[in-house]
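Engineer: Below are the chains, spelled out letter by letter.
There are 4 protein chains.
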Amino acid sequence: MEIDEIKTSYKLVSREYQSQNSVIRVGKAVFGSLDIPVIAGPCAVESYEQLLEIGKGVRQAGASMLRGGAYKPRTSPYSFQGLEREGLEFLKAVGQEVGLPTISEVTDPRAVELMMEYVDVLQIGARNMQNFALLKEVSKTSMPILLKRGMSATIEEWLMAAEYIMVGGNEKIVLCERGIRTFETFTRNTLDLNAVAVIKQVSHLPIIVDPSHGTGDWQLVNPLSRASIAVGADGLLIEVHNNPPEAVSDGPQSLTPKNFALLMSDLATIGEILGRQVSKEKR
Amino acid sequence: MEIDEIKTSYKLVSREYQSQNSVIRVGKAVFGSLDIPVIAGPCAVESYEQLLEIGKGVRQAGASMLRGGAYKPRTSPYSFQGLEREGLEFLKAVGQEVGLPTISEVTDPRAVELMMEYVDVLQIGARNMQNFALLKEVSKTSMPILLKRGMSATIEEWLMAAEYIMVGGNEKIVLCERGIRTFETFTRNTLDLNAVAVIKQVSHLPIIVDPSHGTGDWQLVNPLSRASIAVGADGLLIEVHNNPPEAVSDGPQSLTPKNFALLMSDLATIGEILGRQVSKEKR
Amino acid sequence: MEIDEIKTSYKLVSREYQSQNSVIRVGKAVFGSLDIPVIAGPCAVESYEQLLEIGKGVRQAGASMLRGGAYKPRTSPYSFQGLEREGLEFLKAVGQEVGLPTISEVTDPRAVELMMEYVDVLQIGARNMQNFALLKEVSKTSMPILLKRGMSATIEEWLMAAEYIMVGGNEKIVLCERGIRTFETFTRNTLDLNAVAVIKQVSHLPIIVDPSHGTGDWQLVNPLSRASIAVGADGLLIEVHNNPPEAVSDGPQSLTPKNFALLMSDLATIGEILGRQVSKEKR
Amino acid sequence: MEIDEIKTSYKLVSREYQSQNSVIRVGKAVFGSLDIPVIAGPCAVESYEQLLEIGKGVRQAGASMLRGGAYKPRTSPYSFQGLEREGLEFLKAVGQEVGLPTISEVTDPRAVELMMEYVDVLQIGARNMQNFALLKEVSKTSMPILLKRGMSATIEEWLMAAEYIMVGGNEKIVLCERGIRTFETFTRNTLDLNAVAVIKQVSHLPIIVDPSHGTGDWQLVNPLSRASIAVGADGLLIEVHNNPPEAVSDGPQSLTPKNFALLMSDLATIGEILGRQVSKEKR
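So the protein lines, in turn, are chains A, B, C and D. Numbers in the numbering used here are just positions in the first sequence, counted from 1, shifted up by 12. Numbers in the numbering used here are just positions in the second sequence, counted from 1, shifted up by 12. Numbers in the numbering used here are just positions in the third sequence, counted from 1, shifted up by 12. Numbers in the numbering used here are just positions in the fourth sequence, counted from 1, shifted up by 12.
Bound-form chain A, shown alone (with noise of 0.2 Å):
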């Protein structure tokens, strides 16, 4: 169909523009096929020693690619802001070491050349889905882009957020939902699966889910999980660690290497039912 001729607000990512859906593939891990990859790692890279085990532990359990923020957007100027570069580096030789590709987070227009060096995948975070400058940055390059959504954004806003990497001419891109902000306490954000079905309907796009964030409770990570592969999702993002307790960040919502082993057993099982392959071709 012709760009003018769809009446939505968002074109280029609409199922009325490209009926199939797209296919992202970064290694072996490929988004918005049946397959479901599952990308793994801690918040925030620590050390080399620190990335190499769970590297390890999650390449063991099946995971397609690894994650590691090295750049971390903290609420407070006092809280750990990451390792910055030698982050990077860990994240890069960790990544060849274990055989996964890696993704992390680029906050700034000006360090997207720099991470395009280390890492396979760039991530755009929730506090940065409508940072425009950031988003023309990225559409300007080749590489694959997750883009999460807002803590308060709707569908919408962030199916033009997406459009706005794609009519700069990067179509590489996976939507990730991570949970919205509501009155609710008891979780840290409301993960929102409608909006993984509501995507799915309207845009050729793949999506993951972050339970991770979504609820901020580890305990909870295997049920939503499991329901975000139910409901459609075309992969999942999850957050790992060797010692949560220790964690500098995000402790509380991450698994151990044992327990994301657990999960990849479960969502085999469920993945199967549903004629998709939680990351098989890993084992």
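Don't read these hints as lab results, they were simulated from the structure. There's no promise every hint is true.
It does not matter which identical chain is used: a pair holds within one copy or between any two.
Using 35 Å as the maximum straight-line C-alpha spacing, the simulated DSBU-like pairs for lysine-lysine come out as follows [claimed, not checked]:
no., residue 1, residue 2
1, Lys19, Lys152
2, Lys148, Lys270
3, Lys19, Lys270
4, Lys68, Lys19
Using the hints, position chains B, C and D against chain A.
Structural biologist: Just chains B, C and D now, kept in the frame of chain A:
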């Protein structure tokens, strides 16, 4: 554990008070076990013929209970307010005809006694979750109560509403998540599946999910039903109408009997993989 | 204008239906005129002595009406539920003693008749804004009704609740904004003064503001009261307690009679500049 | 008080750290004193002629500063993105012509240096409140910063964003409340005047209010401006357009210069009664 040792605000409904799941039986429907009963029917009873057609359809597809509103709490005084007593008569008659227990919403403490003559389960709707006069009235009966979450109730407030019923002497409570109010406009409400996982952790009460109200869009009912079961729900409440475009209320979120049958078939598969049975005994 | 020409969902309560402000008189208190009556008193009636002390204090400071809860809708069944009938007796007695009309919350349609013997205004609380059985019951009386906004009600739903009362035959309705539920945790609720300006545009009904519940913090009551008058409110509802730290409910948001007197003095000044009188006749 | 004795998460911006109000001067505009400066101008600079007409109008009515967007953060990539550098040139020229300091939004850390050549105050918009790269960049300058609240930011997060700027070395911060996102659809946002009273309690920073974005409806700007001053705001930010129906953005919430003059006259009266001057020196 003794009540006064329990540190949460809710006591009798907590897992500390009772570690085992409460099991509520209504006819062959069992809530809180490995079974996953599905309650189905129209938002409002419109006529005997309408209800009979729907009742036969959902019965055949495997529903465990027939729902139908007779006293409708409508935002506008100019909207259809329900057939009232006549609606209850139709509901009872059709329930007997097709062999299903029935459920309908009670909105007035003065109507509790009347309702008990006609239905097997009393529903407390979202708008009445903190109608304490009504909660106290139903707490004195021995009827099973379906307690919907208020549209902006926290999980704790919801459990406290259940506590009112349990303190009053009635332990037959089934909770029902039906979507919360957020800023999102794509869906009518935001179905909160986090709440299901939280409830299963902190309470022994069974919890079911109403994806019809929770999303407001029949096309989202199937994926969110699958997700509800995957996250651990003990049952579903699905709006079914023989002619959704002509429904006096909630047409856009109602399934046809035919689509309901497809849904039941999908759910059986996903239930099985989780070691649960979606209404197997009904076939 | 004829009802069926009015295009909004609410009809009788709209400015289209009646362009002039509705004026509701209760004793010397006039809502919807240039006067700005202030209703004051404790959240809950605790004893005759308590209420008398508070009643004398607020009367002297210029309050136009005495409030006091006798049937309290409490989140927890373990919280103080009110003195019930005895509370109403104290309220009536103190009202007569200090020469002020009285208001108390009705939570049960079966209690409407009883309440009418004791109070001059019936309050419908936030939790009961869509308790349609209750709305219909009070619509049959000739009592003035104070209708609080539900904690997550849209302005339109609130007006529709008022429409229920007006359709039923009772035109004496005063709306009361009392804060909505948001993600903010600094305040108990988020007092929505936008709603006051909107209501004045679209409806002829008077609207007052309850900054005590709206903020949950007595230190915020003064600035938000000033703002309420500046935005166009037709009155205020202020929680006053003789000993806030010992109050059985809502202590943190209650003013002492002394601070209430200071508030009244501030409000008189700001009211004057807007061409309105804050309870001048009461001095 | 020493920083490490302060118990809140925000330190340098707290009242504990500095009990006296911070006073920020920009030309004759003084924020944080008894003055109430009003910033006015169009959402977007559209042409020199447009801006000059508006600039003259608001100057004559008593505005203390001229606003105008040159780099517009728009939800859609297909919306007008601003005149960019040319817009800044027009803004600087008109500011000099009418004798008003200027403010415009900066959205990219790479643009801070350029912006400093053209404007007197840098605005950080709601979408960038947690754009930490941008906050760190402006913290290195000596420019006054107007920091808008994020559309779903808690008050604490907002103060933490200000803390980033102050930790970086820039103390010239003015906060701006601009409405939060709620479920309400009558208004574009819900202007949160509670936040003004809270900020005045817990922080020494001046806070102004933007009722134009906060409500999205020009008819609500006047009552909410009055309320903002009554609640204790240190200034206002008002959108003014010479031809609202033809505005490229935010027309529905813009005042004409004539209505702006009426607003200024109303505000002078209410300011006076509170012992404050709304731009008196400007006449």
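Engineer: Which constraints among the numbered hints does this structure fail? Numbers only, ascending.
Structural biologist: Violated hints (numbers, rising): 2, 4; every other hint is consistent with the structure.
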